[in-house]
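The lines below spell out each chain.
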Amino acid sequence: MECPEALEHFQDFLDEELGKDEASALEAHLRICSGCAAEFHIQQEMRQAVREKATRHTASPHLRASLRQAEPGRVPGWLKWWVPAVALLLVLSLGTALYMASLSPRPLAPSPLVVEAVNDYIRLTQRGRPEDVGGPDPPQVVKWFRGKLDFAFNLPPAEEGEFRLVGGELSYYLDRKVACLLYRKGPHLVALSVLRREGIDVPKGSSMTASGTPLYMVTHRGFTVIVWQRNDLLYALVSDLAAQELSPLATSIAQS
Amino acid sequence: MSLYEQERSRAFGQRAVTHADALYNLALWMAGDPVEAEDLVQEAYLKALRFSHQFQEGTNLKAWLLKIVKNSYINRYRKRRSELLTPLVEGWEGEEPPHGPAGAYDLIQGDGELGALRSVVRSEIDKALAKLPEEFRIPIILSDMEGLPYGEIAEILACPKGTVKSRLFRGRKLLKELLKDYGP
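Protein sequences, first through last, are from chains A and B.
Per the working numbering, the first sequence starts with residue 1, numbered consecutively.
Per the working numbering, the second sequence starts with residue 1, numbered consecutively.
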């Protein structure tokens with residue numbers, strides 16, 4: 001069993017839901033791979049910590065009592081006062097909302113790729129220590145990823161303007177492995193995610209082009225995300241920098 | 001509503017109330033405020049009664065109710081921009097107050113178990129959990145606090161099982177990172 005496969009089976013193994021053969025294979029892998037063993041230890045530790053130490057809140061007697069009093073088909077006391085007022089408010093605000101909606105286009109729900117890429121970015125920026133992979137030298141970084149990914153991607157630029165490649169790591173979301181490269185500009189971090197495109201829609205957003213490749217820009221939860229596709233791969237660049245500051249890097253990578 | 005319907009509904013309501021703790025726990029970890037959480041639970045409970053005929057007997061009632069709580073929360077706070085809630089635990093709810101950072105550190109040996117400092121550890125995990133983005137915090141609560149299997153969690157979150165596992169994996173990693181930050 002290799003690392004990516006081991007990672008996929010962690011959760012099932014934790015819950016003892018892994019078949020006997022796969023469980024033995026995973027155990028064997030953990031004995032020889034200190035990286036995965038460390039990751040697994042974290043999973044075990046945190047699961048136990050939440051199970052045993054985190055606060056599991058309980059409903060107050062007052063809440064239980066009001067639930068018991070609530071009967072179907074009868075408006076509970078605590079609602080009676082509000083219902084007419086709320087109904088009036090609703091009618092008024094609905095009317096206003098409809099009017100407002102007719103004036104401006106409704107925002108689209110964020111694409112899953114954008115959501116996951118931003119989640120990963122948040123996770124990476126929470127971490128205080130240096131990133132974990134083959135150093136900042138692009139050939140080394142690409143070499144580190146070889147064998148861990150089921151796709152190949154071009155050599156990314158080591159630097160662009162004030163951006164410097166500082167490292168990367170392997171991530172996993174949308175049911176596939178994701179190569180994550182990290183750039184730094186001063187105090188700002190930028191994460192480039194590279195993943196297989198299969199089954200994922202490129203988000204709609206304002207776009208520009210870099211030598212014929214359209215780049216789509218969206219913001220999500222305050223972060224700038226630039227997405228583009230090349231061949232059968234998707235690239236997503238996430239940062240807290242504004243779009244104008246980030247797009248030179250996107251252009252440079254898209255053209256590399 | 002016929003007498004039969006009333007009785008059936010009341011019986012269903014009684015079963016639902018037995019899960020009040022689970023519902024309140026999820027609501028509070030999502031909403032971050034006890035008053036809002038109670039509101040959410042009451043709203044979800046009423047919806048559950050109203051749609052009790054849609055519940056399939058033999059399936060997990062707690063999971064079905066938790067899904068209503070989660071959907072109620074999403075509907076209510078769909079437009080809320082910030083999803084990172086401020087830490088939930090300010091008071092100590094009857095626990096002993098924690099030792100100061102220096103005192104705690106003296107007693108901690110490396111990464112060993114912190115049995116003697118249970119209240120400190122609990123507060124740190126609570127704080128770390130509260131800081132987790134919702135996408136990670138909710139699956140971890142459903143899995144590790146409520147003991148739900150991945151299939152049920154996937155049903156509650158309306159996402160594939162693989163996504164649940166991936167969120168658990170990354171969520172726990174981030175949790176560990178956050179806990180490290182609480183060193184002295």
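It is worth saying that the hints were derived from the structure and are not from the lab.
Nothing here was measured: the structure is a model prediction, and the numbers come from that model.
It cannot be assumed that every hint is accurate.
EDC-like, lysine to aspartate or glutamate: derived pairs with alpha carbons at most 16 Å apart [unchecked claim]: (1) A/177 to A/8; (2) B/161 to A/175; (3) B/173 to A/39; (4) B/173 to B/135; (5) B/173 to A/8.
Any hints from earlier that this structure breaks? Give me their numbers in increasing order, please.
-> none
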